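Given two chains presented individually in distinct reference frames, assemble the corresponding complex, making use of the accompanying hints.
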Amino acid sequence: MRINAIRMSLALVICVAGSAAADPVALVRQVELEHLVRHDCGSCHGMTLNGGLGPALTPQALSRKPVVYVTNVILDGRPGTAMPGWRPLLSEAEAAWIAKRLLEGLPDAR
Amino acid sequence: MRVSLVFALALLVAGCAAVEPRGTGDLGLVVERASGSLQLVDTTRRVAIGRVPGLGDLSHASIVYSRDGRYGYVFGRDGGLTKVDLLRGSIAQRVLQSGNSIGGAISQDGRLVAVANYKPGGVKIFAADTLELLAEIPATYGNGRRAKVVGLEDAPGNRFVFSLFEAGEIWMADATDPRNPKITKFREIGREPYDALVTPDGRYYLAGLFGEDGLALLDLWYPERGVKRILPGYGRGGKPLPVYKMPHLEGWAIAGRFAYIPAVGHHEVLIVDTETWREAGRIAVAGQPVFVMARPDGRQVWVNFALPDNGVVQVIDTESRTIVATLEPGRVVLHMEFTARGEEVWISARDDNRVTVYDTAALKPVAMISAQSPSGIFFTARAFRIGL
Chain A
1 MRINAIRMSL ALVICVAGSA AADPVALVRQ VELEHLVRHD CGSCHGMTLN GGLGPALTPQ
61 ALSRKPVVYV TNVILDGRPG TAMPGWRPLL SEAEAAWIAK RLLEGLPDAR
Chain B
1001 MRVSLVFALA LLVAGCAAVE PRGTGDLGLV VERASGSLQL VDTTRRVAIG RVPGLGDLSH
1061 ASIVYSRDGR YGYVFGRDGG LTKVDLLRGS IAQRVLQSGN SIGGAISQDG RLVAVANYKP
1121 GGVKIFAADT LELLAEIPAT YGNGRRAKVV GLEDAPGNRF VFSLFEAGEI WMADATDPRN
1181 PKITKFREIG REPYDALVTP DGRYYLAGLF GEDGLALLDL WYPERGVKRI LPGYGRGGKP
1241 LPVYKMPHLE GWAIAGRFAY IPAVGHHEVL IVDTETWREA GRIAVAGQPV FVMARPDGRQ
1301 VWVNFALPDN GVVQVIDTES RTIVATLEPG RVVLHMEFTA RGEEVWISAR DDNRVTVYDT
1361 AALKPVAMIS AQSPSGIFFT ARAFRIGL
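Chains A and B, in that order, give the protein sequences. Using our numbering, the first residue of the first sequence is number 1, and each one after it goes up by one. Using our numbering, the first residue of the second sequence is number 1001, and each one after it goes up by one.
It cannot be assumed that every hint is accurate.
With a straight-line Cα cutoff of 30 Å, these simulated DSSO-like cross-link-like pairs (lysine-lysine) come out [to be verified]:
#1 LYS1119/B <-> LYS1182/B
#2 LYS1245/B <-> LYS1228/B
#3 LYS1364/B <-> LYS1245/B
#4 LYS1245/B <-> LYS100/A
#5 LYS1185/B <-> LYS1245/B
#6 LYS1119/B <-> LYS65/A
#7 LYS1228/B <-> LYS1182/B
#8 LYS65/A <-> LYS1245/B
#9 LYS1228/B <-> LYS1119/B
#10 LYS1182/B <-> LYS1239/B
#11 LYS65/A <-> LYS100/A
#12 LYS1119/B <-> LYS100/A
One-sided excerpt, in silico: chain A residues whose CB lies under 10 Å from chain B [stated by the list, open to error]:
#13 HIS35
#14 LEU36
#15 MET47
#16 MET83
#17 GLY85
#18 TRP86
#19 LEU89
These are calculated hints, taken from the structure and not from any lab test. Computed from a predicted model, the values in this text were never measured in an experiment. All C-beta atoms, glycine included, are put in the ideal place defined by N, C-alpha and C.
This is chain B alone, in the form it adopts within the complex (with noise of 0.2 Å):
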């Protein structure tokens, strides 16, 4: 084994040997939803370096990376799980693991690739290095319904939690023996869980809910002191508006002791306190917000908005709670990704099929890159990040 990877790494050497070596950790892609292609990105030039097509249906693709930030693993709306190698620029594998997904989750170890699906209702686990399937949890609930799965985040002690939109309820799979993953449930969490985080540390899982005003937390400390209701009642009666679009959980804000998450049918960004969980504020914004992403260093909020509002994008300080730009980036902007220090955020303007890069400081554009109808961003630094 150990022989066979020094000559495949070998080979591997050889085959480049006219391309210059190179890591992987200032490269990116960058999702083009309605062509099914990648662009592989290099966030040091700030250009695009090459395109991935073949990737089947991508509204609504996420991507995780394999711990040597060497390969994607893209998981399309159709079911598609596809291994992506960015040193070559190609797809290393590709299978089509469902009818309809959601998004997925890499284990702690790197090891395992779980993806959330929608139809059948499950969640999958997959060998990292294969794709091989490994186990496959039916979200069955009540009298044997299957609930689309959503919201699912690794979490230390190689587990994976989820949500079930239907069944209100929130599972964690351990999966240390990865064939026979241990599921705890939580029942009655809430109505309607939409999408859920894990804190950068690794502690918390966050769920919010759709069918009320509210947040599910769960203390991956303590799991057996169970489901928490967190701000119950937030929008207190005020009538929620339309939601256009659901609003994104995972990037999650955290900026020092708070947490910025976005307020469901309401113009307003909620600011909870990490220590005693009550809010501690909000802050009224452009529109129904949809990410909402503390640069790294958590002196800004960046804030983006659904439709009518997808247009412009919000700064908040951090400090003075107050917003400090709005910029307009293009027509429909769908996603926003930090470099890993912060100093710049890419984000994608759908309609316009362009990436326009930002100086977080100066606030200002300072490069743009084309894509077709781009949506969802990717940098490499997530491979080494809990929850992401």
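Chain A on its own, in the form it takes in the complex (with noise of 0.2 Å):
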């Protein structure tokens, strides 16, 4: 069910890796990286993201937000409310990559 589970994303992850072929996060990196978005963003923004105490981060709701905007926030947050800054825990590219999957969507993201 697990080994599943792991398979079902790297295949998810290989597709994606094929239109960002420039992104340097490792490919063992964004399985981590969607392991995080899912279970410890999605502590305040849902498993599927559809939001709690955080705003949903679906496209949907992300609609109008540029790359470098959505990335910024994973960085540094936003003050005055409980978003907190990821910088100590991401790199810059991976917290574009984590904007740019949440812009697209993640798997189950409803």
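Dropping the structure here:
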């Protein structure tokens, strides 16, 4: 079950990597980041990213936000809100990768 | 009514004739957050005895129990309220009651279940037996906006007390007449209450504040005296760290006269004297505390942490106020639950897909149960405690 899930997300990551060949984030790390988004970002934004204490992060919810804006919010948080800056834990390339993935939509984000 | 109940019981007993009858006092449920299922566990034998699937999105799910210890009420993130039968190991009833919820409580008399909702912000009150909706309390504030409801707790007098995150308010609902709850509102209690607890004696409601250093305290014996701020500015101007996971207050650590509380944005556990409600000390810990939980006898306090320190659990000796152990139960520790008398504690490690049972005297693991992405662990002993 779990192995299947990993295999599936690997397959997905490989599909995505095809469209973003210049991405400096290694495949293994991409799997980790996707897990982080769903489960750790998910503790406020919901596991399906449909929102919780924090707003929804689905493509529809983020529709008019540029990648750069989303990347910066991930890295530096939103002062005055509960959104922390993830700079101590993520590189800029990793934050940008997450931003792109959010705007494209994670597999079961709804 | 009485006759049909006896009849139903007789049927139940007859139906289970092949199975040895049993109590539920040593049972519990472990939330498997990613798969939307529960593991039914036996704390005497330290094993899983069944899995209950089909509960929807269980990220951040919590559970309360009926007073007979037979049913668990599971509050799911997707707004699902599910009544689970521990004896049959299956879902008895399930309603999708909102778009997004955060937790709930069962009333003192066990007849009502209340759910705290983010979207649309408010509280709904259900009949515990049928899950019939009895009342709806929209968390409307300011110019008609709806706030997310957090820290919903049961309190003596069949009351529910809860906080409004964006509004900075605490509301108390007297559900003596459950279809027409009487609401008392306390305004300007502090910025962004994020969670709350009721003391084990049911007297105080304490809300943690995210938007400022401090907590808001309501004396439920004397609500007319209003909400008091305690521990203002506990960060003492020190720059708070980014908070990667909201701390939890429910599960509250009280040991003797002292309460142990997570400091938001600091690597500290705060000690509060519950007679004066003043700070009585602080303990440096390995990271930002999420759950700070006292062993039922109050001798130890166990602490887990937010990212990136979520692989360890520390044990504080409350007498010396020192850390006596730093344990590594697995990757991403999400929750801890003591057995009712505290000889063991069950700890979930999400990314290692397991729950580890520790002997709390020896501080050594004694058993391991596999579970898929386990988060909350809830034992039926919660049925008999107020504010859990």
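A quick look at each hint next to the structure:
1. LYS1119/B <-> LYS1182/B: 22 Å, holds
2. LYS1245/B <-> LYS1228/B: 26 Å, holds
3. LYS1364/B <-> LYS1245/B: 27 Å, holds
4. LYS1245/B <-> LYS100/A: 23 Å, holds
5. LYS1185/B <-> LYS1245/B: 28 Å, holds
6. LYS1119/B <-> LYS65/A: Measuring from Cα to Cα gives roughly 23 Å; hence the hint holds.
7. LYS1228/B <-> LYS1182/B: Between LYS1228/B and LYS1182/B the Cα gap is close to 22 Å, so the pair holds against 30 Å.
8. LYS65/A <-> LYS1245/B: Answer holds: LYS65/A to LYS1245/B is near 24 Å, not above 30 Å.
9. LYS1228/B <-> LYS1119/B: Distance ~28 Å between LYS1228/B and LYS1119/B Cα, so the pair holds.
10. LYS1182/B <-> LYS1239/B: Outside the cut-off at roughly 41 Å; violated.
11. LYS65/A <-> LYS100/A: 11 Å, holds
12. LYS1119/B <-> LYS100/A: Within the cut-off at roughly 27 Å; holds.
13. HIS35: Holds, about 8 Å.
14. LEU36: Result: holds, 8 Å to nearest chain B Cβ.
15. MET47: The hint holds - MET47/A has a Cβ within 10 Å of chain B, the shortest such distance being about 4 Å.
16. MET83: 9 Å, holds
17. GLY85: Holds, because the Cβ-Cβ distance from GLY85/A to chain B comes to roughly 5 Å (cut-off 10 Å).
18. TRP86: Cβ of TRP86/A sits 7 Å from chain B, so the hint holds.
19. LEU89: This hint holds: LEU89/A lies near chain B, its Cβ roughly 6 Å from the closest one there, short of 10 Å.
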